[in-house]
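Can you make the complete structure from the sequences, with help from the hints?
Number of protein chains: 8
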Amino acid sequence: MSDMRELLEAVSRGEVDIDEAMTQLRGYEDLGHSRVDISRASRNGVPEVVYGAGKRPEHLLDILASLQKHGNDILVTRLEPEVAAQVMAAYPSAEYHDVARLLKLQREAPALAAHTIAVVCAGTSDLPVAEEVCVTAEFYGNPVLRVFDAGVAGLHRLLDSIDAIRACRVVVVVAGMEGALPSVVGGLVSAPVIAVPTSVGYGANFGGLSALLGMLNSCASGLSVVNIDNGFGAGFLASRINQL
Amino acid sequence: MSDMRELLEAVSRGEVDIDEAMTQLRGYEDLGHSRVDISRASRNGVPEVVYGAGKRPEHLLDILASLQKHGNDILVTRLEPEVAAQVMAAYPSAEYHDVARLLKLQREAPALAAHTIAVVCAGTSDLPVAEEVCVTAEFYGNPVLRVFDAGVAGLHRLLDSIDAIRACRVVVVVAGMEGALPSVVGGLVSAPVIAVPTSVGYGANFGGLSALLGMLNSCASGLSVVNIDNGFGAGFLASRINQL
Amino acid sequence: MSDMRELLEAVSRGEVDIDEAMTQLRGYEDLGHSRVDISRASRNGVPEVVYGAGKRPEHLLDILASLQKHGNDILVTRLEPEVAAQVMAAYPSAEYHDVARLLKLQREAPALAAHTIAVVCAGTSDLPVAEEVCVTAEFYGNPVLRVFDAGVAGLHRLLDSIDAIRACRVVVVVAGMEGALPSVVGGLVSAPVIAVPTSVGYGANFGGLSALLGMLNSCASGLSVVNIDNGFGAGFLASRINQL
Amino acid sequence: MSDMRELLEAVSRGEVDIDEAMTQLRGYEDLGHSRVDISRASRNGVPEVVYGAGKRPEHLLDILASLQKHGNDILVTRLEPEVAAQVMAAYPSAEYHDVARLLKLQREAPALAAHTIAVVCAGTSDLPVAEEVCVTAEFYGNPVLRVFDAGVAGLHRLLDSIDAIRACRVVVVVAGMEGALPSVVGGLVSAPVIAVPTSVGYGANFGGLSALLGMLNSCASGLSVVNIDNGFGAGFLASRINQL
Amino acid sequence: MSDMRELLEAVSRGEVDIDEAMTQLRGYEDLGHSRVDISRASRNGVPEVVYGAGKRPEHLLDILASLQKHGNDILVTRLEPEVAAQVMAAYPSAEYHDVARLLKLQREAPALAAHTIAVVCAGTSDLPVAEEVCVTAEFYGNPVLRVFDAGVAGLHRLLDSIDAIRACRVVVVVAGMEGALPSVVGGLVSAPVIAVPTSVGYGANFGGLSALLGMLNSCASGLSVVNIDNGFGAGFLASRINQL
Amino acid sequence: MSDMRELLEAVSRGEVDIDEAMTQLRGYEDLGHSRVDISRASRNGVPEVVYGAGKRPEHLLDILASLQKHGNDILVTRLEPEVAAQVMAAYPSAEYHDVARLLKLQREAPALAAHTIAVVCAGTSDLPVAEEVCVTAEFYGNPVLRVFDAGVAGLHRLLDSIDAIRACRVVVVVAGMEGALPSVVGGLVSAPVIAVPTSVGYGANFGGLSALLGMLNSCASGLSVVNIDNGFGAGFLASRINQL
Amino acid sequence: MSDMRELLEAVSRGEVDIDEAMTQLRGYEDLGHSRVDISRASRNGVPEVVYGAGKRPEHLLDILASLQKHGNDILVTRLEPEVAAQVMAAYPSAEYHDVARLLKLQREAPALAAHTIAVVCAGTSDLPVAEEVCVTAEFYGNPVLRVFDAGVAGLHRLLDSIDAIRACRVVVVVAGMEGALPSVVGGLVSAPVIAVPTSVGYGANFGGLSALLGMLNSCASGLSVVNIDNGFGAGFLASRINQL
Amino acid sequence: MSDMRELLEAVSRGEVDIDEAMTQLRGYEDLGHSRVDISRASRNGVPEVVYGAGKRPEHLLDILASLQKHGNDILVTRLEPEVAAQVMAAYPSAEYHDVARLLKLQREAPALAAHTIAVVCAGTSDLPVAEEVCVTAEFYGNPVLRVFDAGVAGLHRLLDSIDAIRACRVVVVVAGMEGALPSVVGGLVSAPVIAVPTSVGYGANFGGLSALLGMLNSCASGLSVVNIDNGFGAGFLASRINQL
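Residue numbers (this note's numbering), protein chains in the order written: chain S, 1 to 244; chain D, 1001 to 1244; chain Y, 2001 to 2244; chain B, 3001 to 3244; chain Z, 4001 to 4244; chain H, 5001 to 5244; chain W, 6001 to 6244; chain R, 7001 to 7244.
Watch out, some of these pointers could steer you wrong.
To be verified - Derived contacts from chain Z toward chain R, CB cut-off under 7 angstroms, selection only:
1) R4005
2) D4017
3) T4023
4) Y4028
5) R4035
6) G4054
7) K4055
8) H4059
9) S4161
10) G4208
11) N4227
12) I4228
13) D4229
To be verified - A few chain Y residues that don't get close to chain D, going by computed Cβ distances all over 10 angstroms:
14) H2033
15) E2058
16) G2071
17) E2095
18) K2104
19) E2108
20) A2109
21) P2143
22) V2152
No lab work stands behind these hints, which were simulated from the structure alone.
The beta carbon of each residue, even a glycine, is placed where N, CA and C say it ideally should be.
What follows is the structure, given as structure tokens:
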């Protein structure tokens, strides 16, 4: 409430113009093509994240300008390299992770959380999604333990790291093909497990459907699932749980 | 009936040739590759609209010539830019909307309808479909209220415009991913709601299936659905309802 | 390690017979038809839960006897009333929740957790699944806030309880049909959200597929999904997160 | 606003008790298992309609009591005959339509609308859904023109009634199997067409999927679609459009 | 039997070499990568047709050489233009239909059949498949009546030609989107109807699935269906029936 | 035209009442719940066939009365035994085939066609559909050759009858599971082949989808497909072709 | 060849009647409704197995009589208890396994194979399918090692038996839900692994689809898959491999 | 055990460095992006095979270096030609099969197995998958009989080679489209049959789904299935069975 009073006083003093005051009272800035949600941090704890796919570069730049103007750290997901290059030209301090297709623009490094998130993936081909999980989690200040290429066809690769995984507060498991790894991990840990199906595979994997269905039907308890290839979603949720 | 007599009298006077008379009596012009429906306006209220996808440019130009010869305003949907350029070369007064992929050729601006159509979309990536709705509705003379990027993850963006939306006679809601926005809007208005699922998303959206199923199963009443990405269909129907 | 020594000393003193010692060293009891996992609590934090569907009553009773003999509290999911009656006859102190189809057999009430789990459901027809979430969470000692029938077609029913929901540490959202509620809730809270699609609906809901896809493609962040109608899984995971 | 003042004055005079006042201010009555939306008429124009499937009879009766107490006319959809009988016992003035599986309880017959709704169905086996459309439309005061069993395999049956259909303001077309009828009707009228796919058929109709996909992909303009077998939804929307 | 004797006598006279004699006795020529079926005409009435998709050019040329050596007229389906160009270089008298993607190589024009095949298509975008039907039918010597772009959204275009269609012995109907045209035609003729679904459309047409399901579930009798976009199959079968 | 004059003269003489004259001029009788197509024989060669599934017995009886009154032979498909019994009570001369679930009512046996239809089925479990084909074909006067249980796992059973099959003018092949039989038959005959997938099988046959897809993708030419379990459709089409 | 001579000599001596001689020469007995494959053992090594589902009891009994007359051991799969009872009445020495729904009728116990088949299943609810594997394998004379309820949520249950499994020549793995067990087993053994998906599960298991897709996409090598719930097929194939 | 002692003695003598000793004790080498399974041969009989799709070239080269350092023969599957060229540059002795997209690097030719594997394919377009089977089988030392283009539309092409096929110990059958060939082969041989569905076809083959479902539902016994286009998997399993 006092925020509102302060804002109106600033308006009355001419320090904040009318449009900006309206934007702040509404909680979003209306760019015509987009309504940038500048009050998300107050509702959801963190600022709006920008979904990069299918946006025109000029719209994207408008959105980033709005977010930055209102003091938000920025994370853009699913950003193609060509568009990323345009953003980098405008924001030289931005960082683009080409494997994860994530762009981030943070004024300062986030404080490190007390607990660690384990990110386990089944195969080397799952790396882009697994890195999307990791970079997202790190963006929000979480230490990350990477255990990559530990699929069930060679269980000893997983078991060898299981103590380190058990020491983490949340476990994210990324797998394509049959998506069996989350069930196996779920049977070995007592932390919440977030399963990420990937579209890695061919034929009857039907673009990740096989891994998705496998994870949804897991016989292990304490496991939930995000969309196919949704590394960002898993990293975000893992961070949220890790920082409870 | 008197139309037919007038036509035949014109034939008898040699003012209309036999082929054209046959075309008018039949209600379509047969171009071999196409049967252009020149009597649609008398049956359906408005002239035939041309589906641009998958047509050879030479066929398309034949069809446009036939429609224009018989005095119809022209709207072409799903027209790729390269083909549009060929059409523009032949019809310099045509207008091409590259976001909406619509081409229109009208002799004069249509009379404005008394009521307004609200077009609400969930995200900036849904813009091409949302603009297809808007441009179509405008082609038929409807004022349009655009409320873009008002998805459910930041409800205040929608609620802030809800009074303006409620003042409209028809509401079109465009959304991809989970397609939840039409249900929310449907619960807040008493106008008919036309829901347009888009293919925006990835993984388990299966090309728009998730949004389509979401909208078909909406718990809100007074809502119906068109095909995935079918902005034209929604704009056309909205116009029809708006002008009742 | 000292556990093993104690066990072997007890064997040497004749206090524990060989078969039981083997069972404990192996971590499971082999009943021929089943291998009861008596070491799950040590790996996963809580004892094995029994999946009741498709098991013959005589097998089920064997399994319960084995679990009880090894000192485990018991939870049976998806148990049909007729089979439950047979179990109740054998274990009069068991409790059967007919809405949730859960049977529980606990020696004493669990200690109450410090935080509360919110369980929100969209419609009255989702009650069986919502109650399965609640009873499971309560079995593990979690206080539960029930907000039932708060679907998006009447948003004020949700908004009226949103402060109470925001005060919870984890939120479970149960919905059938289009499954839009988790997205809306996800946009309003900063806690982790577990989405449970239900098979409530008809026609193009395809047994819960519409709600499942809707939730997997949610535009809200911080949300993950369990199997259709999997109230137990959501309650279990919510408990795990709530007690971190 | 004056409503709220009146309400509070009634409270201060002791004419309305506190619980009821809270219910009215909140806009819903909380029955624990259900949150009855008593403010829907003010938002959506008409009171909440009760989805009958999957509700326990005792819950259903609670909901009906709440709706009636707050002065709403009542419509229950997808109500099985056995449950309907229990409701009829409690509300002798209710009316149950067994073909349409609808129950209605109206204090007085609604005023008749100025325009008529045409309800066309393809086959005799589609009757239950077609009647659900009709009875719903009549519940809201709309005159209805029934054209039943006019499928495309015998087009003259449709063409014979086409003038009467054209005289209506809205057309609802109900069809199973290949769902071709809405396209044909859509090509012959200038009114909005609401298409209702039914699950009538077998084999590769996959529970109505064939008719649903057929209607969504219609080549006719001015057509939208509701869920498979959703006669209520179509009747409700038709009424909304008819009374614009 | 006398064929075999003649062949062996020719071998004994040294007029036919051993390999060729074995090929003829076996009924196929083994090229290693392919077993060219040179006895198909004696079993099926017409020689083997070559499926062009997915074959390496060098394999395709081998196959054509073998077919020609054994005196067969040649038809290649689904042949991409680049590969067709290579074939044309080797066989200058071959004819390539680029719309239909068919290549044919006939020593002389086939005798004309006594009856005509009607080929009706719904839209101009269905032309490639419709032409594949026509060219195939003509390859086997059938007169063809083309009625193109006669979809159900403008029924008069079909009705205007219905007498000519009724005069044909077989009717092939090609349609994409909702695939309603075969049902309508099927209700108006007494000839066998072969329905060809096309992949024309977008969104919920799922690559032709909507048209396919529509046709399989047709309420009209006397209709059967071939694979999506299988113009060759329909033309072949139509020819077979037409020449009974 | 003279038919119409005769009819009107009969009306003028009072021999035909007004309602009946209207019915005949319209070409259908309107029973309210149904529009019985009494002019189908003149359009399609044979009278309307009644789809028995999902019709109320009283409606069915009305329809049969109307058909009989206008002099049509009657065939009812997919008729459950209980309803058939009610029909038999009203029409003692009707015949019900319980395996094929067909009821027929013919004034006299049809004249026998000159050619024979072969009906081949893969397994004994496909019998109900195969008999539906046979009885339908016989209803229209076609001699039928039955070759049952000749599936591809024991090819000699088919080859032993192949000469008899080759002597037929049309071949219907009925198969469930993988639906391979039509391809094999199609490779051995020069007659048109109608393939009927059945729902026989389990698991990944998905209600007949496996057989349906197998037949649609057949590598044999000259083959077309009807709906899963649509024995009537295949028998009807076979008759139409057989009597060309 | 000498078989044929012996047969004909027996005919000439009047010891074998003409019909039986024809049956033997043809390799099948034609019962009208069925063509019993009496020569399968000579082609495939073992006699025809009878698929019990969907067969009328009288047909089934005819088939069994024919098989027995020609000296075959009999196995009937997917036989419902009621039909089994009828068979048992006719063949008192037959044995019915009600869990596996298999009936067998062997003149003498088969000779035992030198190697053992391991049958591993994931959960107790998979027992019916697992027993179908075991009983089938035993019918053909294979020793069987049963390792039941060894799913991946408690890996130690599997690892404890892994040496015994490794000592087998073939491994069959039966699992429902996510179907992860075959991948894990496949990573630990060098024998061929046959994976059997079951329909155990609910929701997004879609009748066994999840387990099926999981197994088809397994990252382990040396693994192949049979139909959902096809215990017989797996047992049969395991026997074939085990006795190589 | 003595292996471990030898290893540690080598460490103590300084002949093996600590990192390498740890790698060998763990059974895998951790490259960060990958955990190369160097102990697979001891568990599964043969070394790890590298799945080439979706791996970055630099990661792939790291993996190959690790495998080679530890003395493994190398097989890379699904390797695109551009990446293969990079590998060939680094390993000039490697061999790349462009049809099969396999790369192999063997120190010496494997010893030849005593038995032969038959690889049968239905059409020339299935060649890439069929060759993947063959080259894999040959990599492991198996003689291979190739019978290519022997699909069911011309059965004599198969029957002509059936004796040679019957002489093999294992049969692999590769087919696209309807996938009928494995059923036919399965009915003619007594060896285990491995069926490989391919994605060859179009329209309703849905990327190989038709062939996959056909093979899973085969009426022939003794048959199992691998993933669509999984030639490697079939060749690997065939080798495993062939060398039992």
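Okay, the hints, checked on the actual structure:
Interface hint at Z:R4005: violated, since its Cβ lies 20 angstroms from the closest Cβ of chain R, which is beyond the 7 angstroms cut-off. Because the beta carbon of Z:D4017 sits about 19 angstroms from the nearest beta carbon in chain R, more than 7 angstroms, this interface hint is broken. Taking 7 angstroms as the C-beta contact cut-off toward chain R, the hint placing Z:T4023 at the interface is violated, the least distance being around 11 angstroms. Given hint, Z:Y4028 at the interface with chain R, holds; its Cβ is 5 angstroms from that chain's nearest Cβ, closer than 7 angstroms.
With 7 angstroms as the threshold, the beta carbon of Z:R4035 comes within range of chain R, its nearest partner Cβ sitting at about 4 angstroms, so the hint holds. The closest approach between the C-beta of Z:G4054 and any C-beta of chain R is roughly 4 angstroms, which is under the 7 angstroms cut-off, so the hint is satisfied. Interface restraint check: Z:K4055 against chain R, minimum CB-CB distance 5 angstroms, threshold 7 angstroms, status holds. For the restraint placing Z:H4059 at the interface with chain R, the shortest Cβ-Cβ distance is roughly 6 angstroms, inside the 7 angstroms limit, so the hint holds.
Annotation: interface hint on Z:S4161 violated; nearest CB of chain R at approximately 27 angstroms, more than 7 angstroms. Annotation: interface hint on Z:G4208 holds; nearest CB of chain R at approximately 6 angstroms, less than 7 angstroms. The closest approach between the C-beta of Z:N4227 and any C-beta of chain R is roughly 4 angstroms, which is under the 7 angstroms cut-off, so the hint is satisfied. Proximity of Z:I4228 to chain R holds as hinted, the smallest CB-CB distance being about 3 angstroms (cut-off 7 angstroms).
Hint status for Z:D4229 relative to chain R: holds, with the closest Cβ pair at about 5 angstroms, below 7 angstroms. Look at Y:H2033: its CB is around 36 angstroms from the nearest CB on chain D, clear of 10 angstroms, so calling it non-interface holds up. No beta-carbon of chain D is positioned within 10 angstroms of the beta-carbon of Y:E2058; the least distance is around 40 angstroms. Even its closest Cβ contact with chain D, about 42 angstroms, leaves Y:G2071 beyond 10 angstroms, as expected for a residue assigned away from the interface.
Listed as a non-interface residue, Y:E2095 keeps its Cβ farther than 10 angstroms from every Cβ of chain D; the least gap is roughly 33 angstroms. At the 10 angstroms boundary, the C-beta of Y:K2104 stays outside the reach of chain D, the nearest C-beta of that chain being 32 angstroms off. Distance check for Y:E2108 against chain D: the nearest CB is about 41 angstroms away, which clears 10 angstroms, and the non-interface claim stands. Against the 10 angstroms criterion, Y:A2109 stays outside the reach of chain D, whose nearest CB is about 37 angstroms from its own CB.
Non-interface call for Y:P2143 relative to chain D: holds, since the shortest CB-CB distance, roughly 28 angstroms, exceeds 10 angstroms. With a least beta-carbon separation of about 5 angstroms from chain D, Y:V2152 fails to lie farther than 10 angstroms from that chain, contradicting its non-interface assignment.
In summary, the numbered hints that this structure violates are 1, 2, 3, 9 and 22.
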